[in-house]
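A.B. asks: Going down the list, the sequences are from chains B and C.
Position 261 (the first sequence) corresponds to 261 in the working numbering; numbering is contiguous.
Each position in the second sequence, counted from 1, maps to that position plus 460 in the working numbering.
If you are wondering where the hints come from, they were derived from the structure by calculation, not from laboratory data.
Careful: at least some of the hints might be erroneous.
List of simulated lysine to any residue pairs, SDA-like, C-alpha gap at most 25 Å [claimed, not checked]:
1. C:Lys483 - C:Pro528
2. B:Lys282 - C:Asp678
3. B:Lys321 - C:Ala892
4. C:Lys781 - B:Val323
5. B:Lys321 - C:Gly863
6. C:Lys740 - B:His220
7. B:Lys321 - C:Ile823
8. C:Lys673 - B:Asp100
9. B:Lys213 - B:Arg365
10. B:Lys282 - C:Ser789
11. B:Lys282 - C:His680
12. C:Lys673 - B:Tyr315
13. C:Lys781 - B:Pro245
14. B:Lys348 - B:Arg211
15. C:Lys673 - B:Leu285
16. B:Lys321 - C:Lys781
17. C:Lys781 - B:His220
18. C:Lys673 - B:Gly317
19. C:Lys639 - C:His651
20. C:Lys808 - B:Tyr315
21. C:Lys808 - C:Lys742
22. B:Lys213 - C:Leu745
23. B:Lys321 - C:Thr782
24. B:Lys321 - B:Arg211
25. C:Lys742 - B:Glu327
26. C:Lys740 - B:Val323
Protein chains: 2
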Amino acid sequence: MPHDLPSPSARLLAVFDHITEHKEGFLRRLIDYVRHPSISAHNIGITEVAALLVGMLKEIGLDAETVPTSGHPMVLGRWEKKPGARTILLYGHYDVQPPDPLELWLSPPFEPTIREGRIYARGIGDNKGQHFAQLLAIESHLKVHGELPCNVIVLLEGEEEIGSPRIADFVANHREKLKADFVVTADGPMHPSGRPTMTYGVRGMTSFELRAKHASRDVHSGNLGGVVPNPIWTLVHLLSTMKTPAGEITIEGLHDAIVPPSELDRAAVARLPLDLDDAKAKLGLARLDAPAERGYYERLMFHPTLTINGFHGGYGGPGTKTVLPCEASVKCDIRLVEAMTPDDVLAKVEAHVRKHAPEVEFIPRGGMLPSRVPMDSPYGAIVRSAIELAHGVSPIEYPCTGGSLPDYVFTKILGVPAFVVPYANSDEANHAPNENMKLECFYNGIRTGAALLDRVGAPS
Amino acid sequence: MPHDLPSPSARLLAVFDHITEHKEGFLRRLIDYVRHPSISAHNIGITEVAALLVGMLKEIGLDAETVPTSGHPMVLGRWEKKPGARTILLYGHYDVQPPDPLELWLSPPFEPTIREGRIYARGIGDNKGQHFAQLLAIESHLKVHGELPCNVIVLLEGEEEIGSPRIADFVANHREKLKADFVVTADGPMHPSGRPTMTYGVRGMTSFELRAKHASRDVHSGNLGGVVPNPIWTLVHLLSTMKTPAGEITIEGLHDAIVPPSELDRAAVARLPLDLDDAKAKLGLARLDAPAERGYYERLMFHPTLTINGFHGGYGGPGTKTVLPCEASVKCDIRLVEAMTPDDVLAKVEAHVRKHAPEVEFIPRGGMLPSRVPMDSPYGAIVRSAIELAHGVSPIEYPCTGGSLPDYVFTKILGVPAFVVPYANSDEANHAPNENMKLECFYNGIRTGAALLDRVGAPS
């Protein structure tokens with residue numbers, strides 16, 4: 001749906017100018033920030049960086065605090081001096097992945113280094129550079145205008161890289177403190193073409209394990225083959241009742257809760273750029289997964305999966321071994337689309353296992369709800385317009401992404417729309433050596449953040 | 461079929477007396493023999509023990525030689541001074557398993573030690589004590605009567621413990637040297653009750669591997685789940701077309717060649733002792749393999765199997781991993797009943813794979829033909845009668861055993877009946893630490909060997 005791009009207000013233009021004038025200082029402060037390790041998996045630097053952030057937020061002009069959890073603390077900042085104006089919640093995470101393997105880094109992960117227009121450092125893209133851009137956008141508005149166009153809550157988590165084990169409880173227990181109209185997360189990469197993107201949802205997920213055991217020990221496949229049941233066959237036969245070769249998941253009731261994609265979802269998918277041959281070539285694929293006729297994005301956005309993550313039993317070494325193994329196990333995950341829930345899905349998988357293979361042990365492994373915002377959400381229009389103002393180009397709009405993030409804590413627990421707006425370049429190498437962010441992306445991130453506040457503060 | 465036991469002839473009684481009188485010397489010579497290691501897997505002592513055997517055979521009064529192969533030599537002995545009389549081929553193997561783990565032996569594996577009526581030594585049961593008993597039976601006949609009741613060929617292999625890789629070619633290339641009326645192998649254990657046994661056949665086997673690969677690398681189950689095909693699912697769906705949960709192998713044509721069990725086979729099975737509850741308890745089984753209604757011995761003797769020896773792909777560590785793996789593999793073996801052949805079966809499996817999952821790589825792994833002798837073979841009656849003369853009790857007669865031995869080289873290449881008549885106790889611990897043979901079993905083995913020669917030499 002091509003449309004005329006909006007023009008920045010005088011208020012926003014003044015902030016954009018401020019950002020342009022202060023690029024050097026912003027970059028220097030970013031480098032100071034990412035120099036501090038904050039590795040949640042190893043509990044390194046977490047407290048220090050949380051304290052550093054609270055100081056930064058206060059200096060910018062926000063009320064700020066760390067809120068303890070049973071794990072790493074949440075950092076909360078707020079500016080709520082516009083009664084009646086809308087409130088945006090900006091979510092990010094201040095923890096980073098461990099930097100291993102160190103020997104593959106061209107410059108040390110916590111000595112930020114600029115090469116060819118990029119800053120290299122652990123956490124620069126995921127997520128410090130991105131939420132720091134948001135904070136600088138807030139600062140710029142306050143410096144230029146002495147106030148913000150809207151109310152703002154900043155929530156920075158310290159455990160995202162270890163699976164956000166406490167975010168759901170935290171949000172549920174602090175609804176009042178987090179009361180906002182909608183949520184924007186600046187995280188992840190933009191499109192490889194450099195075009196900005198925005199995302200209206202994520203798939204949820206749940207996982208489980210299946211274990212079969214028959215004899216008390218491995219036996220000889222000749223001496224007892226035909227007599228002793230084979231746990232690998234038991235699992236093969238069970239699995240084959242759960243999904244057909246044509247790609248249809250056949251667990252009874254699994255699809256019951258699914259909300260089919262709307263006309264707007266389908267229209268949005270139809271607008272998405274796609275080079276299928278290129279995608280297949282990059283993955284070394286001769287074909288896509290069954291069913292063959294399903295569209296590329298539909299696969300990732302509108303359908304659950306049943307992925308076997310691993311199957312292990314019996315002999316796997318070189319050559320042959322005439323063994324009839326006594327045990328085998330399978331690990332699976334299921335990606336959930338709106339409005340499936342891990343609890344319901346696990347209950348249905350368990351019922352299926354009980355019915356088809358009562359001997360098999362079923363081990364549920366928890367999960368994460370999906371999250372969706374309607375494509376015609378007025379907050380979607382605000383986000384789109386902010387991106388257009390900052391970039392001068394319309395974003396690619398994804399109704400949903402295939403992977404899972406705990407966005408449901410905002411959409412389902414707080415009950416407000418939540419969007420993801422990546423500021424980083426597509427080759428940011430997050431979770432990998434030589435993680436980096438283009439300087440241009442950082443500056444455009446600040447501009448996007450500034451435009452976002454401007455649009456949230458515009459009359460609705 | 462209970463029947464009156466036969467009485468030994470005067471000729472045999474004289475030999476039995478000789479055996480009784482020379483027990484001590486026989487035991488001493490057995491100990492001297494098993495003291496020599498002959499570990500085929502490590503090529504230790506093979507040449508020495510082959511030469512020792514040739515010397516022994518010559519001293520007993522046989523023509524003897526080692527016949528080189530591309531591996532370890534065959535030892536051949538022969539006494540063929542009775543034109544017109546029948547010829548028995550006695551097969552055994554002079555190589556032994558490696559003795560590891562040494563620390564579990566109560567006395568050193570190559571220092572034969574007598575404790576509580578048993579000799580402990582590597583190879584004492586498998587197979588040195590057993591074929592040595594046969595040689596002493598020959599010697600006893602020659603000592604007492606100056607001649608044998610029949611013609612005898614002794615064939616002792618030096619590579620049985622590494623899978624007999626050259627026995628088929630050797631037999632095919634030396635048909636004239638091995639021309640005999642039938643073959644008896646003294647190997648394996650008797651029934652746990654102590655009752656002697658004899659076996660008319662073995663299942664054959666073949667094995668193969670299936671490998672599936674789709675993407676060129678593992679991918680994230682969220683980011684690409686639904687897009688990238690899963691090789692574990694590919695193998696699960698392929699395998700589920702090969703055997704039903706009810707236990708029916710559904711590979712087209714696989715059963716074509718099968719010769720169903722005869723009435724005599726069924727009658728023999730009906731006579732076999734069976735304590736099913738005890739068998740299940742020893743294996744820790746709640747049930748037998750599907751199909752449920754099939755008899756215990758029928759499973760092992762009259763039906764092929766399709767055993768998955770191993771299935772490996774994807775993540776198998778603790779907890780969960782949201783991976784969509786790029787490759788997986790399965791190893792299978794199929795036990796063959798008369799008259800299936802590895803070549804035909806592998807061709808049919810391959811055709812099945814080509815038809816149902818052309819993407820899957822099929823890797824054949826060779827195999828071994830089954831072997832069967834009809835239950836009413838006149839040579840079976842000779843063997844039975846010899847066992848009855850030596851033990852004073854009728855043997856348990858197995859139409860077939862579940863495991864695979866290269867007996868087909870006699871039944872299918874030489875084209876003569878072949879029987880297995882174990883001399884060792886059921887707890888001989890072959891292939892394990894503290895391998896042993898009861899002295900009583902050794903002496904009864906010599907008597908059985910002597911009675912066998914007597915019956916082969918009796919007028920038919």
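A.B. asks: Need the list of violated hint numbers for this structure, in ascending order.
C.D. replies: 1, 4, 8, 16, 17, 19, 21, 23
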